[in-house]
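J.: What follows is each chain in one-letter form.
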Amino acid sequence: MPNAAALKVLVVDDQFSVRQMTRLALEKIGVRLIHEAENGQEAFSVATAQPLDLIISDFNMPEMDGIGLLRAVRGHQAIRKLPFILITGRGDRELVVKAAQAGVNNYVVKPFDEATLRQKMEAVLGRLQ
Amino acid sequence: MTTIDDLRQTFFEESAEGLEALDTGLGELTESSSEEAVNAVFRAIHSIKGGAGVFGFSSLVDFAHVFETVLDQLRHGKLAAAPQVVEVLQKANDTLSDLVAMARSGEAPPANFDADSRSALTQLIGGGEGGDHDKGVADDFDDIDFQPIRAEDTEGELRRIGLVYRATQAQYDDKFAAVLNALRAVGKVDLQADIEAVPTLADCDPNQAYIVCTGAIETELNENELRDIVTGIDSSGSWALGDAVNETAAAAAEPADALPAVDLAPSAGETAPAAAAPAAAATQAAEHPEQRDATSGKHAATTTIRVDLEKIDRVVNMVGELVISQTMLGQMFQNVQGDPEGRMAQVLEDVFLHTRELKNAVMAMRAQPVRSVFQRMSRLVRELSVKTGKRVRLETFGEGTEVDKTVIERLSDPLTHIIRNAMDHGIESPDRRRAVGKAEEGTITLLADQRSSRIVIEISDDGAGIDPERVIKKARDNGLIPMEGHLSEDEINNLIFLPGFSTASGISEISGRGVGMDVVRRNVQDLGGRISLKSTPGRGMTIQLALPLTLAVMDGMIVKVATETYVMPISSIVECIRPSASEYHSLLGTRGALRLRGAIVPIVYLAELFDLSASRETTDESTVIIIETSEGVRVGIVVDQLCGHQQVVIKSIEENYGAVRGIAGATILGDGHVAFILDAERLGEFAKYPEFVTARREQYVQ
Chain A
1 MPNAAALKVL VVDDQFSVRQ MTRLALEKIG VRLIHEAENG QEAFSVATAQ
51 PLDLIISDFN MPEMDGIGLL RAVRGHQAIR KLPFILITGR GDRELVVKAA
101 QAGVNNYVVK PFDEATLRQK MEAVLGRLQ
Chain B
1 MTTIDDLRQT FFEESAEGLE ALDTGLGELT ESSSEEAVNA VFRAIHSIKG
51 GAGVFGFSSL VDFAHVFETV LDQLRHGKLA AAPQVVEVLQ KANDTLSDLV
101 AMARSGEAPP ANFDADSRSA LTQLIGGGEG GDHDKGVADD FDDIDFQPIR
151 AEDTEGELRR IGLVYRATQA QYDDKFAAVL NALRAVGKVD LQADIEAVPT
201 LADCDPNQAY IVCTGAIETE LNENELRDIV TGIDSSGSWA LGDAVNETAA
251 AAAEPADALP AVDLAPSAGE TAPAAAAPAA AATQAAEHPE QRDATSGKHA
301 ATTTIRVDLE KIDRVVNMVG ELVISQTMLG QMFQNVQGDP EGRMAQVLED
351 VFLHTRELKN AVMAMRAQPV RSVFQRMSRL VRELSVKTGK RVRLETFGEG
401 TEVDKTVIER LSDPLTHIIR NAMDHGIESP DRRRAVGKAE EGTITLLADQ
451 RSSRIVIEIS DDGAGIDPER VIKKARDNGL IPMEGHLSED EINNLIFLPG
501 FSTASGISEI SGRGVGMDVV RRNVQDLGGR ISLKSTPGRG MTIQLALPLT
551 LAVMDGMIVK VATETYVMPI SSIVECIRPS ASEYHSLLGT RGALRLRGAI
601 VPIVYLAELF DLSASRETTD ESTVIIIETS EGVRVGIVVD QLCGHQQVVI
651 KSIEENYGAV RGIAGATILG DGHVAFILDA ERLGEFAKYP EFVTARREQY
701 VQ
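Protein sequences appear in the order of chains A and B.
Position one of the first sequence corresponds to residue 1 (my numbering), numbered consecutively onward.
Position one of the second sequence corresponds to residue 1 (my numbering), numbered consecutively onward.
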């Protein structure tokens with residue numbers, strides 16, 4: 001049973017406001033170690049620079065989008081098993097299919113509250129303490 | 001602590017940026033349908049939609065979604081960026097920015113507010129789909145067979161394998177980067193330029209540059225697999241890996257322990273040349289070019305930060321105070337004895353220089369490109385085109401010109417007025433244009449340019465220009481000018497800036513209520529700017545705004561009148577002269593006049609105006625400062641003495657006291673005294689309406 005306070009989570013979104021909303025939700029869940037990145041490329045260098053437990057990434061970003069990041073993570077020997085939750089918008093069903101093919105662990109639809117996020121995280125990481 | 005309200009505010013700021021990007025992107029689409037522009041537009045709209053969803057603005061999300069659907073089609077080439085398509089998109093953009101504005105102000109959009117735009121959008125994609133999507137939007141995609149994947153234990157069998165790369169300049173090639181890429185794909189590479197692994201200078205070939213990198217890779221692969229990868233790409237033997245080099249890597253991590261690294265040099269690279277690296281920098285740079293790109297890209301993404309304007313203003317204020325202190329220091333230094341070598345003067349000179357640089361740097365922080373204002377104008381032109389039935393194209397130049405944020409914010413109103421006027425009165429109807437042999441489509445040009453310490457904004461149109469006959473008639477009808485008398489072309493053109501002037505025969509919805517150009521002029525003057533106008537009947541007209549780059553600091557001429565010191569803005573000074581007594585004339589009904597190269601210039605005695613002395617005495621020291629008001633009127637201001645040119649920090653007296661006609665503000669001089677900054681525009685008015693001055697003077701006396 002993973003301890004939320006010990007989880008290292010990387011939040012990826014190019015919009016500061018949305019990124020902070022995700023952070024707020026994570027903080028309510030009890031996550032304390034939160035990294036942030038503005039796009040896929042930055043996220044990839046963060047993810048390869050230190051051990052992480054989870055990436056929560058938006059899809060739509062400049063430089064490298066969420067699917068690009070997912071593929072890069074899955075293709076990287078050292079972090080290819082890193083759990084990955086994709087944030088999607090309403091109506092982005094094709095995207096979810098694409099992400100599933102690329103090996104996403106779960107997805108969460110905007111807007112989401114901490115209960116939803118928690119549920120999505122627990123489906124991937126197991127029950128959080 | 002950040003609250004959701006703060007974040008909502010941030011979201012609106014981001015949305016404003018997004019809308020700007022959208023505007024720019026759509027503008028580019030009109031010219032060419034580049035993939036980049038489409039993507040930028042798509043991303044902007046997607047971000048707004050996403051954020052709106054997070055913050056619960058559902059009407060915004062719904063509309064953005066339809067918009068996005070259309071853009072998605074465009075992005076995938078299912079829809080061409082034809083002019084009529086872009087037009088629909090631009091209208092949708094207008095609707096979207098209205099929706100954002102409503103969400104921001106908290107008002108609910110009226111029913112069916114976006115209906116027109118929405119149906120135009122859905123029609124582009126063959127109808128229905130956007131609406132369809134809307135209804136079918138669910139929070140989860142239950143119809144998709146998606147099973148969350150439980151995370152596995154990610155701790156694979158990672159091992160650390162040492163790496164060494166050695167090459168001379170001649171041997172180094174692009175295979176280096178290729179190997180590095182391949183290694184990165186299978187593990188975490190940590191490779192550094194290794195200066196320590198270089199032999200002594202005596203062993204180096206001076207004609208060679210040496211490249212030595214040491215480090216390690218963390219990977220699940222074993223050494224042999226790794227070796228296969230490396231030699232598959234680069235078989236020259238420049239690479240060495242394995243446990244043998246582990247120590248090198250360790251040694252490299254501790255530069256103090258240089259000995260083993262040097263010792264290891266021959267053993268590690270069997271085929272490596274006698275390695276040495278005088279050019280460590282070159283090594284670093286050559287290390288992995290593609291990673292360098294990645295990091296510089298990352299830098300580009302994080303080199304901007306959002307700073308509270310208040311914080312910047314605090315710095316601006318402090319720099320203002322610094323400028324004052326520095327000036328005081330300079331003045332004190334004048335009286336200091338005993339700096340024979342001029343060293344103090346030298347240091348002081350440096351302080352002046354740095355203060356000036358600092359001031360410029362801080363001002364640059366407040367500066368913003370005029371692009372945002374210009375873009376608003378393009379929307380205005382679009383809307384007015386529809387309302388007036390005139391076809392008008394807006395061309396903009398110099399959008400990147402940077403001006404103080406306050407100036408930018410207050411530029412929008414005057415520009416809107418001027419463009420409304422140009423659209424309504426300037427540009428002719430398509431029929432009329434065809435009849436006079438012009439292109440049916442009119443052009444309005446917006447230009448921004450920095451000229452010395454001013455920014456110049458020009459709004460030109462190729463319409464009918466100002467009809468002098470009509471202007472004079474109108475002005476006479478409205479009782480603005482006497483029935484008789486000849487007016488110069490400039491004077492006629494300037495009549496349109498008079499309050500209550502309007503040449504439009506009927507009052508139209510767009511402009512023509514007679515409150516326009518005089519307000520524009522007031523706005524521009526309040527910014528410390530000047531407005532001027534050129535018109536060629538039948539060919540069009542140009543209105544030029546000259547605005548200060550910043551509102552906080554200005555160049556001033558220090559003048560003395562009786563016991564008082566004043567500051568005259570350099571920007572309004574045309575020349576300073578010291579006339580002989582015979583050149584002053586006292587004309588009846590005026591404050592006096594000066595004959596200046598054949599022209600009569602009305603003069604104002606500052607001492608009299610501010611009640612410092614009742615007489616109009618002039619001495620040999622008396623100087624007349626010729627100023628020019630924005631109307632082009634020249635007025636001479638009589639002062640006792642010119643004391644020099646100085647940068648002054650403008651302090652408002654309006655905030656603490658109240659507006660005083662003829663005074664624009666106050667400043668602190670080098671000697672610590674407070675001096676008033678004169679308002680050239682108002683001084684000009686004093687000369688024009690002497691009876692008014694007397695009345696004012698009585699008020700001053702009271």
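Treat the hints with care, as some may be off.
As the list claims (entries may be wrong) - Quick list of simulated restraints, FRET-style, between CB atoms:
hint, chain 1, residue 1, chain 2, residue 2, range
1, B, Pro-110, A, Ile-34, 53 to 63 Å
2, A, Val-97, B, Gly-232, 30 to 40 Å
3, A, Pro-51, B, Arg-75, 31 to 41 Å
4, A, Pro-51, B, Leu-358, 23 to 33 Å
Since the hints were derived computationally from the structure, they do not count as laboratory data.
Every residue, glycine too, gets a C-beta built ideally from N, C-alpha and C.
J.: Please go over all the hints and tell whether each is borne out by the structure.
T.: Hint by hint, here is what the structure shows:
no. : hint                              : verdict
1   : Pro-110/B to Ile-34/A: 53 to 63 Å : violated, 41 Å
2   : Val-97/A to Gly-232/B: 30 to 40 Å : holds, 36 Å
3   : Pro-51/A to Arg-75/B: 31 to 41 Å  : holds, 37 Å
4   : Pro-51/A to Leu-358/B: 23 to 33 Å : violated, 44 Å
Checked against the numbered hints given earlier, this structure breaks hints 1 and 4; the rest are met.
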